[in-house]
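Number of protein chains: 2
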Amino acid sequence: MTEIRLSGYGGQGIIKMGYIIGKAASLFDNKSATMTQSFGPEARGSACSSQVVVSEDRVLYPYVNIPHILVAMSQEAYSKFESNLDKEGYLLIDEDLVKPGLTVAGVKMYSIPSTRIAEEMGNKIIANIVMLGFFTAVTNVISADSVRKAIPGSVPKRFIDLNLQAFEKGYEYGQETLNKQGK
Amino acid sequence: MTEIRLSGYGGQGIIKMGYIIGKAASLFDNKSATMTQSFGPEARGSACSSQVVVSEDRVLYPYVNIPHILVAMSQEAYSKFESNLDKEGYLLIDEDLVKPGLTVAGVKMYSIPSTRIAEEMGNKIIANIVMLGFFTAVTNVISADSVRKAIPGSVPKRFIDLNLQAFEKGYEYGQETLNKQGK
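Residue numbers (my numbering), protein chains in the order written: chain A, 187 to 369; chain B, 187 to 369.
Keep in mind the hints are simulated off the structure, nothing from the lab.
Keep in mind that a hint or two might mislead.
A pair holds if it fits inside one copy or across any two, identical chains being indistinguishable in the list.
[Said to hold, decoys possible] Once the Cα atoms are required to be at most 30 Å apart in a straight line, the calculated BS3-like pairs of lysine-lysine come out as:
#1 Lys-335 / Lys-273
#2 Lys-335 / Lys-266
#3 Lys-266 / Lys-343
#4 Lys-335 / Lys-310
#5 Lys-343 / Lys-294
#6 Lys-310 / Lys-266
#7 Lys-343 / Lys-366
From just these sequences and the hints, can you work out the full model?
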């Protein structure tokens, strides 16, 4: 079972990212997945977070306490959630939006300029999908092919191609990152 | 406790609608709320559904079985979920996208051309927020003021005004609908 927290600010498409992960995992990777929002005080202001549980078996308890993977797309989200990350977990950040502090030795940190890449592609709004591609490459929770299948039914029709391109950009960036590390 | 199912097709912003309802209820109406996606076979193809539970107390079980309110923004979603609606529940539809069959006598059906209204405002993509305004007016689950507060942190900055206007359009349409019924 993999517990994931995706976080950033409202309007970044954080929840859409979780939705596509869940869909990819369950419909095309034959796993089970649940996405949950609970709207505690931490949802105040511009913070936005989405919890996804991906499992080989049926998900009985959908809430996430200590995620194994944290994606942070804003400084506020990073500050709020970093301390709850599993001590051997994965931390994925947008490197232009998050300046991380010291991390626990066991945490594997990966960074990508997802928003900048999206802007270079002409639309900041797909930064979440660039990050999704990066996530797919570095974490191995879902397969790239499943995400490619899950995207078309999850975004407005006229934006399908743009979203698929954004996914590939992030995915390639993730693969290059792993290659540089010799993994 | 009110169990709500929002449904339509991917890209309509169904989940965003649920997210704003949850945020409005919990942060500004002092209730508790949870939003859940479980990705069963029903998530295949273009169907999209989001479950929201709004409660005076803490939500312990976030899954929705027999919703009290069903919002349907596509024919497919209507066909899939209508039979599970509470027999005294509310059915809200986009009247251009859903042609309803016979409904159970106790079900209260309300219809709005949310997509057409959004198009007239220049952008089909805000049909979900027009529907959210309509939902707010006819169901009384969340207050209009809370939604007005929840929208700014939930959409991209440059679209805040457009979303607020879309909300008001749907809200007014809902109030007029109630007035015509003498409620």
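Checklist entry - Which hints from the list above does the structure break, by number from lowest to highest? => result 1, 5 and 7
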